[in-house]
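Undergrad: Next come the chains, spelled out residue by residue.
Number of protein chains: 2
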Amino acid sequence: MELFAFMSSPVFTLWERVALWSVLGIAILGLLYAGFLTAEMLRHETGTEEMRRVSRAIRIGANAYLNRQFRAIVLLVLVLAALLYFTAGEQHVAIGRACAFLMGSVFSATVGFIGMNMAVQGNVRVAAASRSSFAKALKIAYRTGTITGMLTDGLGLLGGTLIFMIYGEKAYEVLLGFGFGGTLLALFMRVGGGIYTKAADVGADLVGKLEKNIPEDDPRNAATIADNVGDNVGDCAGMAADIFESYEVTIVSAMILGWASFGHKGVIFPLLVRAIGVLSSIIGTYLVRTSEQARAAMRAIHVGYTVSALSSIVGFCLVGFYYLRFPENFALPTWVSFGIPGLDMRPVWTTLIGIVLAVAINFLTDYFTAPEKPPVQFIARSTQTGHATTIISGFAVGYESSVWAILVIAVSIFASSLIYAGTNPTSIAYGVAMCGIGMLTLTGNNISMDVFGPVSDNANGIGEMAKLPPKARQTLADLDACGNTTKAITKGIAIGSAVIAAVSLFNAYITDIARLITRSYTEVAAMLSISEPLVFIGFLIGGAVPLLFSALTIRAVGRAAFLIVQEVRHQFRDPQIWAGKRDPDYGRVVSICTQEAQKELIGPGLLAVLTPIVVGLLLHKEALGGFLAGLILVGQLLAVFMANAGGAWDNAKKFIEDGHYGGKGSEPHKASITGDTVGDPLKDTAGPALNPLIKVMNMVSLLIVPFVIRAEEPTPLMWGVVLIGVLGVGWAIIQSKRESPAMRQWIATLATETFLADET
Amino acid sequence: MELFAFMSSPVFTLWERVALWSVLGIAILGLLYAGFLTAEMLRHETGTEEMRRVSRAIRIGANAYLNRQFRAIVLLVLVLAALLYFTAGEQHVAIGRACAFLMGSVFSATVGFIGMNMAVQGNVRVAAASRSSFAKALKIAYRTGTITGMLTDGLGLLGGTLIFMIYGEKAYEVLLGFGFGGTLLALFMRVGGGIYTKAADVGADLVGKLEKNIPEDDPRNAATIADNVGDNVGDCAGMAADIFESYEVTIVSAMILGWASFGHKGVIFPLLVRAIGVLSSIIGTYLVRTSEQARAAMRAIHVGYTVSALSSIVGFCLVGFYYLRFPENFALPTWVSFGIPGLDMRPVWTTLIGIVLAVAINFLTDYFTAPEKPPVQFIARSTQTGHATTIISGFAVGYESSVWAILVIAVSIFASSLIYAGTNPTSIAYGVAMCGIGMLTLTGNNISMDVFGPVSDNANGIGEMAKLPPKARQTLADLDACGNTTKAITKGIAIGSAVIAAVSLFNAYITDIARLITRSYTEVAAMLSISEPLVFIGFLIGGAVPLLFSALTIRAVGRAAFLIVQEVRHQFRDPQIWAGKRDPDYGRVVSICTQEAQKELIGPGLLAVLTPIVVGLLLHKEALGGFLAGLILVGQLLAVFMANAGGAWDNAKKFIEDGHYGGKGSEPHKASITGDTVGDPLKDTAGPALNPLIKVMNMVSLLIVPFVIRAEEPTPLMWGVVLIGVLGVGWAIIQSKRESPAMRQWIATLATETFLADET
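Protein sequence lines, in the order shown, are assigned to chains A and B. At position 470 of the first sequence the residue is numbered 495 (the working numbering), and the sequence of numbers has no breaks. At position 457 of the second sequence the residue is numbered 482 (the working numbering), and the sequence of numbers has no breaks.
Any given hint could be a false lead.
Claimed, not checked - Covered stretches of chain B (in silico footprint by chain A; criterion: 3 or more residues with CB under 8 Å from a CB of chain A, positions within the stretch not fixed):
(1) 424-431
(2) 529-538
(3) 552-566
(4) 652-661
Hints listed in this document are in silico derivations from the structure and should not be mistaken for laboratory results. Built from N, CA and C at the ideal position, the CB exists for glycine as well.
Whole structure, please, built from the sequences with the hints as guidance.
TA: Rendered as structure tokens:
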């Protein structure tokens with residue numbers, strides 16, 4: 026096969042060729058397993074006609090959203106693919122980069138698309154199974170999640186491996202395209218999904234619960250379906266694309282850095298590690314099964330996780346022990362070589378650090394957001410002194426959780442670098458990248474747990490709308506509670522892995538500059554001293570970006586919610602709909618949500634792509650380096666703050682709703698609702714969108730390095746691009762403040778109604 | 026005079042000797058002017074016995090606080106002075122450093138102490154004057170502020186000049202002590218004052234307004250006086266010490282960097298600039314007088330500001346033109362030399378950038394917090410949809426304001442560096458330091474405006490408690506509104522100057538390391554590359570510190586407020602007090618506030634001093650460099666967010682209280698109160714304390730450089746110090762969560778009462 030000409034390169038031993046083909050095989054195995062699970066899931070019964078009807082509406086809405094999203098993006102993706110063609114040097118690499126970009130986009134979109142479709146097929150089956158057995162319902166819900174998990178694993182591994190097998194030593198340049206494609210799609214799906222889900226949620230609640238005083242999932246409310254769709258596009262498609270992208274970006278950076286520091290073995294090892302992770306995830310997720318007792322559910326999930334983790338660790342050690350032999354290496358210390366000449370276990374140790382990091386972050390997220398732990402209890406107590414103290418205590422909890430999360434990440438980076446202490450900077454960066462690989466080893470399990478959340482949430486909604494018997498309802502409620510916990514935990518991993526991936530990419534940035542200006546890595550690194558004014562300025566600007574981005578997305582949610590309210594009110598005016606004789610036009614609300622989410626996406630999207638271009642061209646490579654560092658730091662702090670403060674407020678509300686401090690309807694409950702409502706756009710829109718933002722900006726920076734270097738001697742073209750960039754960012758900021766007169770009018774009229782409803 | 030032996034050094038021309046003595050003279054002139062204003066102010070009448078009684082109570086309370094504060098600190102200051110003795114090398118420098126530290130502390134304390142005493146003398150005189158004339162009342166209030174302004178100017182200039190005149194080329198090491206002394210005191214006064222003022226405020230409101238339903242300044246409420254005292258200790262003493270410290274630190278860094286890059290002329294020029302600033306402030310503040318119309322008040326203050334700014338600009342240009350001649354310099358471009366050989370106007374241009382920066386920050390603060398501007402209007406509109414949207418919109422406004430503020434600062438740093446482009450790093454840093462000098466030129470005016478706030482606020486309170494006639498009340502209300510605006514504006518300058526000062530100090534850090542390890546500046550700078558794992562880790566930790574610090578101070582306010590509530594309730598149980606027949610024991614509440622503020626100070630204080638020591642000793646100079654960079658970035662973003670979101674919430678509430686959206690008592694008003702209450706601890710406690718935090722950590726880092734370098738070969742002593750540091754920080758975090766069972770009980774019982782009151 027000519028395509029795989031590189032595979033016959035003499036650098037490979039026979040065993041290595043077999044290993045690479047096996048990795049490819051395991052990637053495909055993962056996809057086949059996803060197919061097997063899909064077939065299994067689809068075989069389960071779908072319950073009553075009523076249940077199917079609700080589920081169908083959700084499915085149609087979700088697909089309408091994604092179709093529109095993809096239609097809107099497809100042109101942009103094609104244009105960018107064409108532009109990317111010009112960023113690479115040699116022609117066949119350029120073609121490769123453009124194709125890889127398309128592949129990355131398509132894979133990311135596929136993960137989101139199929140994942141979401143499985144979720145909306147799974148939800149009704151979970152609801153149906155709940156009538157007979159808790160164990161069965163849990164299994165269906167969890168395995169529905171595993172389908173997406175396996176897709177992520179399989180496609181991520183497939184793409185990386187294929188590119189390496191085809192492009193060999195040139196794979197680096199092609200992988201960049203692959204990473205950028207996945208990242209960009211993830212950003213769009215995160216921001217769009219985040220705006221969609223919160224606009225629908227707020228819109229449905231404002232008209233239904235507050236104005237009309239009808240229950241949350243009342244079928245007459247035209248926004249109900251959009252609300253359920255939102256759970257899928259936000260938590261399911263958005264999150265899956267986001268984690269897929271981290272999965273991809275970490276393997277891309279590990280392969281780039283591995284090739285630079287240890288040659289082909291440095292590339293093959295991370296691929297092998299990933300393959301082991303896929304196998305472990307298959308085993309671990311397959312083992313998740315529980316008894317009929319609800320409280321056993323979390324334990325079952327944890328058992329699956331632990332089995333996967335342990336088998337990965339054993340696998341890493343074995344593969345490392347037999348594969349990582351570098352006879353040319355001089356004597357390494359015993360903790361690295363076990364006294365065996367040439368054995369280098371350092372990559373194994375760094376992946377193990379990654380696994381520990383994942384566990385530590387899970388622990389922290391759980392501590393700061395679980396209802397029974399001190400932080401949420403502190404917020405719950407504070408609800409008693411009113412709205413303001415509820416918010417203030419959330420600040421204290423959120424800020425503190427950011428501190429610990431960043432410390433854990435700092436310690437992991439430190440430990441990974443320490444393992445490579447005394448070697449060259451590229452090897453140290455490789456250590457950090459391998460830590461990221463280790464952290465995402467159990468992606469299959471993590472995504473299973475994450476998607477489990479919206480599936481059970483939707484199943485619970487279907488159960489409510491289709492009026493299932495109490496026992497089934499209890500089963501679904503238990504599943505839902507369990508899903509809330511697992512969903513929250515995954516958020517921490519998504520943020521943490523974004524930071525580690527960004528740090529690895531950052532080193533690729535330096536390596537790339539060094540190559541282009543033919544200086545050593547150390548010389549380039551020296552240019553990026555924080556004492557350099559340009560670096561420091563870039564650094565200040567980079568730190569400001571997450572705040573601006575958050576301000577933009579927060580405002581976007583408000584505007585989109587406004588239009589939903591208008592539409593739902595309009596439909597309520599139809600007496601037949603209000604009487605429940607005719608179904609409202611769910612599709613229209615879904616389509617408005619979709620349209621608005623797309624429109625509101627443009628501003629933040631422009632900001633993400635244009636800011637690094639402007640900074641790079643105008644203030645050069647030093648400033649762009651500082652920019653990335655500032656961005657990573659503030660992005661991480663803000664994302665964790667938003668996720669955990671939001672989660673803690675949410676659970677404080679749930680804790681009160683369970684009957685504490687006066688329970689539902691009490692004043693503390695109202696205060697806790699304020700906390701939850703403040704937290705919602707933070708934890709579901711602004712916060713999660715920061716992960717892909719960090720990575721997109723890193724990717725864009727890497728891609729524009731050649732132009733940034735050339736721009737040190739400015740040309741009219743460069744000034745033109747800078748001008749366009751500044752105008753684009755300016756437009757994004759200005760349009761984020763757009764407020765139609767109708768909207769102001771609406772807010773004014775709403776005021777009285779809302780508060781009237783609130784008082785009752 | 027043997028003490029001033031350096032003054033006879035041959036480096037000085039006769040004119041330079043004269044100039045230096047003149048600077049000293051102008052510093053003393055500033056102090057004399059402060060004395061003159063004091064005498065003038067004290068001559069004004071003090072009104073009725075009733076008014077004097079209230080004012081006296083405030084004065085006694087304020088002094089009780091400061092006395093206790095100083096007693097608590099004096100031992101620490103002495104111990105630190107002794108420790109500092111061992112951080113310097115040569116004996117006479119070591120003695121100098123220790124003495125300069127004492128001088129810095131005493132000066133900082135004096136500014137706070139006298140400033141506050143003047144404010145509490147001025148308030149009653151303003152209230153008295155309000156009965157006859159608006160113009161007179163305004164003049165007294167403003168000039169009371171000018172006393173503190175002139176003290177700041179005079180003492181800051183005096184200290185720096187004296188140290189240079191005595192220590193000459195060794196001044197650098199001694200100046201560090203001076204800066205550290207001022208900074209540390211300012212941190213204590215900011216944190217202590219911030220906790221005091223908010224604890225008293227919240228405590229007074231919870232019991233008085235909510236539980237007992239009596240007006241805000243009711244004399245039966247034992248916490249009323251403490252509340253008024255709080256305005257003085259927080260806004261007056263705290264802010265004055267904070268700005269004094271920036272004033273001091275910028276001159277310290279300009280002198281250090283000036284000496285390194287341009288010899289003695291580089292030191293004398295900033296001193297001359299400062300002297301011109303003092304003269305301009307005297308002229309500008311003296312000119313502030315208004316007609317009887319309230320709306321003319323802000324214009325009068327602006328006229329004074331503009332006169333000061335213009336005369337400074339003219340002065341800088343003239344002095345620069347005649348003094349900045351460096352015959353040995355090769356040809357400079359025309360915009361620097363005007364074609365005159367050896368003329369170097371660059372330091373002048375950078376100070377002008379500083380003035381522009383100050384104006385730009387004033388403009389931004391005004392834009393984001395003034396009631397009639399779009400951001401506050403946006404929040405005010407959002408109050409109509411409830412508590413949650415009020416908070417969310419404040420987030421969007423606050424985040425965005427941070428972005429612009431940091432951009433303005435980045436542009437100033439960029440422009441200042443650009444002016445020195447092509448020279449060496451020390452000169453570039455000198456440019457940035459001179460920008461800081463320029464920014465704080467009008468410190469006299471700024472502090473006048475700032476202190477004007479609490480003085481008019483207190484005068485208004487006295488007017489209310491002493492039941493002055495309506496016309497006087499209106500005058501006082503107008504003054505108060507005016508003071509709210511001027512007070513807010515100064516906050517922006519305080520934060521911005523902290524960042525510029527910290528950036529200059531950062532360069533001193535590198536210079537110092539270079540000297541100690543005998544490498545070039547460039548070599549050391551190269552070690553601080555952001556791509557270096559240790560730097561990056563330090564950077565992550567540094568970024569986390571402001572969040573941890575904020576979480577600590579926010580919790581501290583809550584705890585202190587609790588004790589106030591307990592005490593006020595206890596006093597209300599006395600029937601005689603409740604009937605108004607006997608004065609409550611104001612002193613007890615003041616003393617509890619004082620005590621708690623001191624106690625709560627320990628945790629944040631330990632964090633501020635110990636964290637850089639632990640990072641430096643454990644992770645070495647590279648990590649400490651990254652730590653400082655991360656700290657500056659996140660500290661700035663968070664401080665501006667807190668100040669502006671808080672200010673905007675506050676003014677949105679005032680806007681609604683002026684009768685918009687339903688006015689007082691309406692649901693939007695309640696939502697706006699929530700916003701204001703959330704904003705209070707952010708803008709008055711956590712946010713302002715971040716300025717001195719940034720500078721203290723920079724100072725500590727500079728002082729421990731020699732030990733950090735030695736710690737690269739660890740000794741048992743080093744491990745011991747690290748252990749103590751970690752234990753100290755850990756203790757601070759744990760104790761920040763301390764909650765007595767009585768407190769939980771209280772929150773539970775309070776809940777019903779609060780909400781009952783709230784409903785009425």
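Undergrad: Against this structure, judge whether each hint is valid.
TA: How the hints compare with the structure:
no., hint, verdict
1, 424-431, "holds (count 5)"
2, 529-538, "holds (count 3)"
3, 552-566, "holds (count 14)"
4, 652-661, "holds (count 5)"
In terms of the numbered hints stated before, the structure departs from none.
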